[in-house]
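Asker: Starting from the known structure of chain A, arrange chain B on it as the hints suggest.
Taken in order, these protein sequences are the chains called A and B. 5 is the number of the first residue of the first sequence in the numbering used here; add one for each residue after it. 97 is the number of the first residue of the second sequence in the numbering used here; add one for each residue after it.
Since the hints were made in silico from the structure, they are not lab data. Check each hint, because a few of them may be wrong.
[Unchecked claim] No more than 20 Å apart at the CA atoms, straight line, and that leaves these computed lysine to any residue pairs for SDA-like:
1) A/Lys6 <-> B/Asp453
2) A/Lys89 <-> B/Asp453
3) B/Lys217 <-> A/Lys517
4) B/Lys485 <-> A/Arg52
5) A/Lys6 <-> B/Val191
6) A/Lys285 <-> A/Tyr520
7) B/Lys485 <-> A/Met49
8) A/Lys6 <-> B/Arg198
9) B/Lys203 <-> A/Val158
10) A/Lys251 <-> A/Gly181
11) B/Lys116 <-> A/Glu230
12) A/Lys205 <-> A/Lys251
13) B/Lys217 <-> A/Gly333
14) A/Lys89 <-> B/Lys454
15) A/Lys6 <-> B/Glu175
16) A/Lys28 <-> B/Asp453
17) A/Lys89 <-> B/Asp457
18) B/Lys217 <-> A/Arg67
19) A/Lys6 <-> B/Ala179
20) B/Lys217 <-> A/Thr222
21) A/Lys6 <-> B/Asp451
22) A/Lys89 <-> B/Leu456
23) A/Lys517 <-> A/Glu502
24) B/Lys203 <-> A/Leu7
25) B/Lys485 <-> A/Asn54
26) A/Lys89 <-> A/Leu115
27) B/Lys217 <-> A/Asp68
28) B/Lys485 <-> A/Arg53
29) A/Lys78 <-> B/Asp451
30) B/Lys203 <-> B/Asp139
31) A/Lys251 <-> A/Arg267
32) A/Lys285 <-> A/Arg267
33) A/Lys6 <-> B/Ile216
34) B/Lys454 <-> A/Arg87
[Stated by the list, open to error] Which stretches of chain B does chain A cover? Using the computed rule of at least three CB atoms under 8 Å from a CB of chain A, they are:
35) 270–277
36) 351–359
[To be verified] Label pairs and their in silico Cβ distance ranges:
37) A/His55 <-> B/Asp461: 18 to 24 Å
38) A/Pro127 <-> B/Asp503: 45 to 51 Å
39) B/His429 <-> A/Arg225: 37 to 43 Å
Heads up, the beta-carbon is just placed ideally off N, CA and C, and yes, glycines get one too.
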Amino acid sequence: MKLTVWTYEGPPHVGAMRVATGMKDMHYVLHAPQGDTYADLLFTMIERRNHRPPVTYTTFQARDLGADTAYLFKDAATAAYERFKPEAMIVGASCTAELIQDDPGGLAETLGLPIPAIPLELPSYQRKENFGADETFYQIVKALATPMEKTARVTANLIGPTGLGFRHRDDIVEVTGLLMDMGIEVNVVAPMPASPSDIAKLGQAHFNVLMYPETAETAARYMEREFGQPYTKTVPIGVGATRDFVKEVAQIADVEPVLDDSRLRMPWYSASVDSTYLTGKRVFLFGDGTHVAACARIARDEMGFEVVGMGCYNREQARMLRGLATDYGVDALITDDYLEVERRIEELAPEMILGTQMERHIGKRLGIPCAVISAPVHVQDFPARYSPQMGIEGANVIFDTWVHPLVMGLEEHLLTMFREDFEFHDDAGASHHGHKAKLREMGIKEPSETGTVTPEPAQVNTGPVEIVWLPAAEKELKKIPFFVRGKAKRNTETFASERGVQEISVDTLYEAKAHYAR
Amino acid sequence: MTEQFSPPPSRGCSDTPVLKQRGQHEVFCGLTGIIWLHRKMQDAFFLVVGSRTCAHLLQSAAGVMIFAEPRFATAILEETDLAGMADAQQELDRVVSELLERRPDIKQLFIVGSCPSEVIKLDLATAAERMSAQFAPNVRVLSYSGSGIETTFTQGEDACLAAMVPVMPKTDARELLLVGALPDVVEEQAVGLLEAMGIGPIRVLPASRVNDEYGIGPNTLYALTQPFLTDTHEALQRRHAQHIAAPFPFGEEGTTAWLRAIADQFGVSDAKFAEVTDAPRARARKAVAQASEALRGKSVFFFPDSQLEIPLARFLTRECGMDAVEVGSPFIHRAVMAADLDLLAEGPTIAEGQDVDKQLDRCRDARPDLTVCGLGLANPLEAEGLTTKWAIELVFTPVHFYEQAGDLAGLFSRPVRRRDLLKLEAAE
Numbered sequence: 005m006k007l008t009v010w011t012y013e014g015p016p017h018v019g020a021m022r023v024a025t026g027m028k029d030m031h032y033v034l035h036a037p038q039g040d041t042y043a044d045l046l047f048t049m050i051e052r053r054n055h056r057p058p059v060t061y062t063t064f065q066a067r068d069l070g071a072d073t074a075y076l077f078k079d080a081a082t083a084a085y086e087r088f089k090p091e092a093m094i095v096g097a098s099c100t101a102e103l104i105q106d107d108p109g110g111l112a113e114t115l116g117l118p119i120p121a122i123p124l125e126l127p128s129y130q131r132k133e134n135f136g137a138d139e140t141f142y143q144i145v146k147a148l149a150t151p152m153e154k155t156a157r158v159t160a161n162l163i164g165p166t167g168l169g170f171r172h173r174d175d176i177v178e179v180t181g182l183l184m185d186m187g188i189e190v191n192v193v194a195p196m197p198a199s200p201s202d203i204a205k206l207g208q209a210h211f212n213v214l215m216y217p218e219t220a221e222t223a224a225r226y227m228e229r230e231f232g233q234p235y236t237k238t239v240p241i242g243v244g245a246t247r248d249f250v251k252e253v254a255q256i257a258d259v260e261p262v263l264d265d266s267r268l269r270m271p272w273y274s275a276s277v278d279s280t281y282l283t284g285k286r287v288f289l290f291g292d293g294t295h296v297a298a299c300a301r302i303a304r305d306e307m308g309f310e311v312v313g314m315g316c317y318n319r320e321q322a323r324m325l326r327g328l329a330t331d332y333g334v335d336a337l338i339t340d341d342y343l344e345v346e347r348r349i350e351e352l353a354p355e356m357i358l359g360t361q362m363e364r365h366i367g368k369r370l371g372i373p374c375a376v377i378s379a380p381v382h383v384q385d386f387p388a389r390y391s392p393q394m395g396i397e398g399a400n401v402i403f404d405t406w407v408h409p410l411v412m413g414l415e416e417h418l419l420t421m422f423r424e425d426f427e428f429h430d431d432a433g434a435s436h437h438g439h440k441a442k443l444r445e446m447g448i449k450e451p452s453e454t455g456t457v458t459p460e461p462a463q464v465n466t467g468p469v470e471i472v473w474l475p476a477a478e479k480e481l482k483k484i485p486f487f488v489r490g491k492a493k494r495n496t497e498t499f500a501s502e503r504g505v506q507e508i509s510v511d512t513l514y515e516a517k518a519h520y521a522r
Numbered sequence: 097m098t099e100q101f102s103p104p105p106s107r108g109c110s111d112t113p114v115l116k117q118r119g120q121h122e123v124f125c126g127l128t129g130i131i132w133l134h135r136k137m138q139d140a141f142f143l144v145v146g147s148r149t150c151a152h153l154l155q156s157a158a159g160v161m162i163f164a165e166p167r168f169a170t171a172i173l174e175e176t177d178l179a180g181m182a183d184a185q186q187e188l189d190r191v192v193s194e195l196l197e198r199r200p201d202i203k204q205l206f207i208v209g210s211c212p213s214e215v216i217k218l219d220l221a222t223a224a225e226r227m228s229a230q231f232a233p234n235v236r237v238l239s240y241s242g243s244g245i246e247t248t249f250t251q252g253e254d255a256c257l258a259a260m261v262p263v264m265p266k267t268d269a270r271e272l273l274l275v276g277a278l279p280d281v282v283e284e285q286a287v288g289l290l291e292a293m294g295i296g297p298i299r300v301l302p303a304s305r306v307n308d309e310y311g312i313g314p315n316t317l318y319a320l321t322q323p324f325l326t327d328t329h330e331a332l333q334r335r336h337a338q339h340i341a342a343p344f345p346f347g348e349e350g351t352t353a354w355l356r357a358i359a360d361q362f363g364v365s366d367a368k369f370a371e372v373t374d375a376p377r378a379r380a381r382k383a384v385a386q387a388s389e390a391l392r393g394k395s396v397f398f399f400p401d402s403q404l405e406i407p408l409a410r411f412l413t414r415e416c417g418m419d420a421v422e423v424g425s426p427f428i429h430r431a432v433m434a435a436d437l438d439l440l441a442e443g444p445t446i447a448e449g450q451d452v453d454k455q456l457d458r459c460r461d462a463r464p465d466l467t468v469c470g471l472g473l474a475n476p477l478e479a480e481g482l483t484t485k486w487a488i489e490l491v492f493t494p495v496h497f498y499e500q501a502g503d504l505a506g507l508f509s510r511p512v513r514r515r516d517l518l519k520l521e522a523a524e
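Pulled out of the complex, with its shape left as it was, chain A reads as follows (with noise of 0.2 Å):
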């Protein structure tokens, strides 16, 4: 029994809804009670998805348990292919029916149906949302998709995109371009916005652009060793890894590297010096596997900030993850606890967290800034406009995204500068924020209303010493600007117990401010 607050990942079942309902004509006929229901809205309210998903749920109820419920199943799969005539089905069970055994792959092979009904096993109580996905598309390509003579011309497949995933429908766009450009066609974009027949021609195009990981790597690796199809290992965001990437597909398809960059704005963006502000900012990622490691080395490479850790809650990850971590000298995280999340995110007080909307919700709470930067996402990260992750122009809309939330340059600098004034001082966030944010000190008392710090000295346990922080040393470090204040204190009290330094006086402060100038 694990207990759990907030969850980064569905069940497995939601997994196989994003890839049933990113496709056309695929019906998953779905063993569950009522209730499981709920899931139809993630799609018809956060990605604001004007059809429903096309599952139904036999919807059992306790009555029907001690009686036959298979006989529910059967009626509402023959059913569905009446009303709905898709080209194919999945078939599977939610967590409560895989207790019940009915063996709905089974059960759907007695029916005869004139179509496919592929039997999913999403083991619920093992797995997670992520593996629901890859592990369906697996199941759908490994029983439709067959070995076909290779198009005439140089194709690819793009491969990973589902419903509900993080701005996959723009990076298909921005992908598709970047294909183009080198003279390479799309065969099929799968799951999403595929048929069961176009799933059926996947095995003509000449490689697989594997998008997603995540959602995609064991359809991906058995089309390898299948239809002898090669697939790409660079995941095209950030402008390194696009270059990268284009690379990569020149040498698989046997073509020229060309990269169309003349919309590409971020580096230059990056470089004025406007953006100088932005230099050795301490970020932390969490996110998925695939993104966290894309975007550290943005972070780092295009960005210029400094990764002070990273982590990601899906364990298929974990291994690449840890080895990307040690190149940057951090530990990684890997976990889907979202108080340990927080736990260590209040640990290194980092000026910016790049992460889900689950980091979003410590970010606020901690008044850390925060940009999104993978699933799980909410209805604010499916906008109207086009803003992919990928590509040219995902970079672009990645370095506006990722400095919004950022005081910016030269309003920091006034804020320091101006911090005792009443209204424009530090707590009073960035001006182009419509709210102020609610801000909690990391482990700093407000002062009272009179201006005077509580007479009694902080004490902080940092191991084997107790350190006392002085009033007039916490009045100091209270000037200090918000979005540097928790780095400060941290700073300043690992300074202070490496000298066995027991109280800090406002020398200490500015002692151990100089010790880490740069």
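Answerer: Leaving out everything else, chain B in the frame of chain A:
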């Protein structure tokens, strides 16, 4: 002012044959109630014993995450828990101890059953008794089921309140009990009106803190504020409390009838009743008239959701001038719904349960001016050109009693007005 109501219909819907449907239900399970219950009971924590799906439902149904650490969580069952029962009970003890250690502010803990815990027959009632003994007197532990195989959406609140009734102390005091988790502002209005009539003492279930609790007995008179509280109703009957039957307090008419039924039990004079209610009734009437302008003469179709459908159809047809085409409800309990069914004029299809695809066919055929439905259906129907009101808002928004009557009409008229407002084509 009573004479200003339209006369009750010569034939209400009480005898209308009910279309009973069995098929795919597009509804939430009872766990969803935790979203509002944990805010209402400020010292309570809700621990769902379930699967990742349960946890995912709770955060998705909430729509947005709540910034503060919520007072609910899921103990997610894992492969090892499914292997042996003894294990699962020990695991539950471990998780609860961990939780109570971290949250010493918790005074009542609800262990909430889910579909998986029901199917593997995890005995949560015994677990709750054991823990109650262990953690008494600091924490009271109760259990109820919010599973989808047993409860639909608002039935979760019903199951929760019903679980609280048997453990309440006994009293012989003549007290009024208002039953249902209402937003504070609404609850205070109701209590204010009743107290102004000289009625008291007034208790509410659920109380916002466990220490605010009171007794139940044969002299307790209770009025339901929500139509879905049927198990709670039965639990109160078992404690020999007396039910005050009335239409539900939606709109000016419903509120007046509900207050009148209570006032009669407490011997409030007509003059006193009028003195207290005349001004807010006039305000409510005015507000409803304004807010329902866009609704007059329009048709409405209800998909089943919260069991509020019949009282709301009564409000929309009698006070807002709408025509009901179909009124679908997950369940129709005659015992508590009779007064509203009597007032709802014969005509609409009354449907219980659901076969969603068939109901969608009926809805498309009827092309109602307004469709009240869940979040899974609203955008797809909008895309087909139908105007929708998503039903969950009716549960999350203060809509009871006089001062909210106009807001209630407004919830329905806003989508209709919006459709008229948007001009997205090129100018002529």
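Asker: Decide, hint by hint, whether the structure agrees.
Answerer: Quick rundown of the hints versus the structure:
1. A/Lys6 <-> B/Asp453: Between A/Lys6 and B/Asp453 the Cα gap is close to 37 Å, so the pair fails against 20 Å, i.e. violated.
2. A/Lys89 <-> B/Asp453: holds, 14 Å
3. B/Lys217 <-> A/Lys517: Violated - the C-alpha atoms of A/Lys517 and B/Lys217 are around 61 Å apart, more than 20 Å.
4. B/Lys485 <-> A/Arg52: Holds: B/Lys485 and A/Arg52 sit about 15 Å apart, inside 20 Å.
5. A/Lys6 <-> B/Val191: Holds. A/Lys6 to B/Val191 sits at ~8 Å (cutoff 20 Å).
6. A/Lys285 <-> A/Tyr520: Holds - the C-alpha atoms of A/Tyr520 and A/Lys285 are around 14 Å apart, at most 20 Å.
7. B/Lys485 <-> A/Met49: Roughly 13 Å between the alpha carbons, so the hint for B/Lys485 and A/Met49 holds.
8. A/Lys6 <-> B/Arg198: holds, 15 Å
9. B/Lys203 <-> A/Val158: Status violated; Cα separation ~67 Å.
10. A/Lys251 <-> A/Gly181: Measuring from Cα to Cα gives roughly 15 Å; hence the hint holds.
11. B/Lys116 <-> A/Glu230: Given that 20 Å is the threshold and the Cα spacing comes to 51 Å, the pair is violated.
12. A/Lys205 <-> A/Lys251: violated, 26 Å
13. B/Lys217 <-> A/Gly333: violated, 49 Å
14. A/Lys89 <-> B/Lys454: Between A/Lys89 and B/Lys454 the Cα gap is close to 16 Å, so the pair holds against 20 Å.
15. A/Lys6 <-> B/Glu175: Given pair A/Lys6, B/Glu175 holds - Cα atoms ~11 Å apart, limit 20 Å.
16. A/Lys28 <-> B/Asp453: Holds, at about 19 Å.
17. A/Lys89 <-> B/Asp457: holds, 16 Å
18. B/Lys217 <-> A/Arg67: Holds - the C-alpha atoms of A/Arg67 and B/Lys217 are around 14 Å apart, at most 20 Å.
19. A/Lys6 <-> B/Ala179: Holds: A/Lys6 and B/Ala179 sit about 15 Å apart, inside 20 Å.
20. B/Lys217 <-> A/Thr222: violated, 36 Å
21. A/Lys6 <-> B/Asp451: violated, 35 Å
22. A/Lys89 <-> B/Leu456: Status holds; Cα separation ~17 Å.
23. A/Lys517 <-> A/Glu502: holds, 14 Å
24. B/Lys203 <-> A/Leu7: holds, 19 Å
25. B/Lys485 <-> A/Asn54: holds, 15 Å
26. A/Lys89 <-> A/Leu115: holds, 15 Å
27. B/Lys217 <-> A/Asp68: Judged against 20 Å, a Cα distance of about 15 Å means the pair holds.
28. B/Lys485 <-> A/Arg53: holds, 17 Å
29. A/Lys78 <-> B/Asp451: holds, 15 Å
30. B/Lys203 <-> B/Asp139: Answer holds: B/Lys203 to B/Asp139 is near 5 Å, not above 20 Å.
31. A/Lys251 <-> A/Arg267: holds, 19 Å
32. A/Lys285 <-> A/Arg267: Status violated; Cα separation ~27 Å.
33. A/Lys6 <-> B/Ile216: holds, 17 Å
34. B/Lys454 <-> A/Arg87: Roughly 10 Å between the alpha carbons, so the hint for B/Lys454 and A/Arg87 holds.
35. 270–277: This one is violated; 0 residues, fewer than the three required, reach chain A with a Cβ under 8 Å.
36. 351–359: Violated - the segment 351–359 of chain B has 0 residues with a Cβ nearer than 8 Å to chain A, which falls short of three.
37. A/His55 <-> B/Asp461: 18 to 24 Å: holds, 19 Å
38. A/Pro127 <-> B/Asp503: 45 to 51 Å: holds, 47 Å
39. B/His429 <-> A/Arg225: 37 to 43 Å: violated, 55 Å
Consistency note: the structure conflicts with the earlier hints numbered 1, 3, 9, 11, 12, 13, 20, 21, 32, 35, 36, 39.
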